[in-house]
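Undergrad: Given next are the chains, with one letter for each unit.
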Amino acid sequence: MTVRIQTADFDASAEIAALRRGNPKVGAVASFIGVVRDVNDGGTVAEMTLEHYPGMTEKAIEEIIDQARSRWNVLDVLVIHRVGQLKPMDQIVLVAVTGAHRGDAFAACEFIMDYLKTRAPFWKKEQTPQGTRWVEARVSDDIAAERWRFKG
Amino acid sequence: MTVRIQTADFDASAEIAALRRGNPKVGAVASFIGVVRDVNDGGTVAEMTLEHYPGMTEKAIEEIIDQARSRWNVLDVLVIHRVGQLKPMDQIVLVAVTGAHRGDAFAACEFIMDYLKTRAPFWKKEQTPQGTRWVEARVSDDIAAERWRFKG
Amino acid sequence: MITVLYFARLREALGTGSERIALPQNVHDLEGLRALLIERGGAWKQELAPGKPVRAAVNQAMAQDDTRVADGDEVAFFPPVTGG
Amino acid sequence: MITVLYFARLREALGTGSERIALPQNVHDLEGLRALLIERGGAWKQELAPGKPVRAAVNQAMAQDDTRVADGDEVAFFPPVTGG
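Chains as they are written, first to last, in the numbering used here: chain Y, 1 to 152; chain B, 1001 to 1152; chain S, 2001 to 2084; chain W, 3001 to 3084.
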């Protein structure tokens, strides 16, 4: 497993190629890229800053990945999360999961994203024409994470 | 929507960048890459040939995408499927779905893959040390596609 | 006349990828066309026999036994698909 | 002594990102520590008041009110997370 917190952008193809390099057992790669939108909660976003808790962030994500690996049959997992200044259309996060078969890869990838959204210590602050504001956590994210307790 | 059937390989990053170019409403990109494994049904695969039904293939995939768009709130969809000679570790298929939010993007991406597996006219022929053989359709693929009839 | 296409294992077993067929008066649907081909015997009878996992399309859309077949149509027979 | 960290909106509202605190004898868990900070009044009372959406970690693992806090620990308070 690989977890990276970085300010730099990433190239999904190169990261996925590295993740599956040399493993001919990989039949499926499910991945997710989160992107900065220009509108959030009705306001126009010019720029955002991502703050995190160094040390805990990596541990929290590794624990989420461990949980995913205990639930689904996957081969490897990569999570890259950017911090610092980001603009609309910038990539924020990449989650890539390799597996022999697609069902496990899809489920693990979505599970990791849902848990990351509620358990990994990152905070977004948006710059809008009305000033800066800390993004509020969404109830929909809690619901998305919670549903995994009841399904396989 | 974009559907391409091609012999050439593809670059997921470049394809995803093109898919979301100029649209700052995209907050989520769910994608799937199918890869040739070196083992299938217990046999070693040296090479495979992908045959398709030109014309119908594109229509079938477009229809699957239309169904996905009628069920989930997605912004755009790209499907690239390779045909011809492929070797283990080669990429076979890319499905990428953009949306404002991740839940819809994930669901639509997995739905499209599951339906593509049972409804798009492609056939795989494997070259193994024991000779060539046409790959048999999997019951698990029928089950994967069928479950979408009952869930949202 | 209709065009009939065969793909993958079926194409190889039947030794042809496509042919033109004049539809007899009594053939109106896919089931009738399949029966007509089975009457040829040999590989046709074996590969298209009822119960064999054969799929079909009419004018490039997945079709059922009772799908209508008429002059000018493009019909295709093939095994269950295995792409992706 | 313990280290206490504050992140995001909390860090800004409290005007500090970290401090060292000598744990009083009667403080054994996160709830006790939070009560101690609330006693400072002002922004501390307002931001950490019961019912406010504050999360906490002890030694970099998500923690609850009854999570033990002891000398040498690293404790963090922060708003619900919004990454991804």
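Any given hint could turn out to be false.
Unchecked claim - Below are the BS3-like pairs computed for lysine-lysine, each with C-alpha atoms no more than 30 Å apart in a straight line: (1) W:Lys3045 x Y:Lys25; (2) Y:Lys151 x Y:Lys125; (3) B:Lys1125 x S:Lys2045; (4) Y:Lys151 x Y:Lys25; (5) B:Lys1087 x S:Lys2045; (6) Y:Lys87 x W:Lys3045; (7) B:Lys1059 x B:Lys1125; (8) B:Lys1025 x S:Lys2045; (9) Y:Lys151 x B:Lys1059; (10) W:Lys3045 x Y:Lys151; (11) B:Lys1059 x Y:Lys87; (12) Y:Lys125 x B:Lys1087; (13) Y:Lys87 x Y:Lys59; (14) Y:Lys151 x Y:Lys59; (15) B:Lys1087 x Y:Lys151; (16) Y:Lys25 x B:Lys1025.
The hints are simulated quantities; they were obtained by calculation from the structure and are not laboratory data. Bear in mind the structure is a predicted one, so any value in this text is a computation, not a measurement.
Undergrad: Any of the earlier hints contradicted here, and which numbers?
TA: 1, 2, 5, 6, 8, 9, 10, 11, 12, 15, 16
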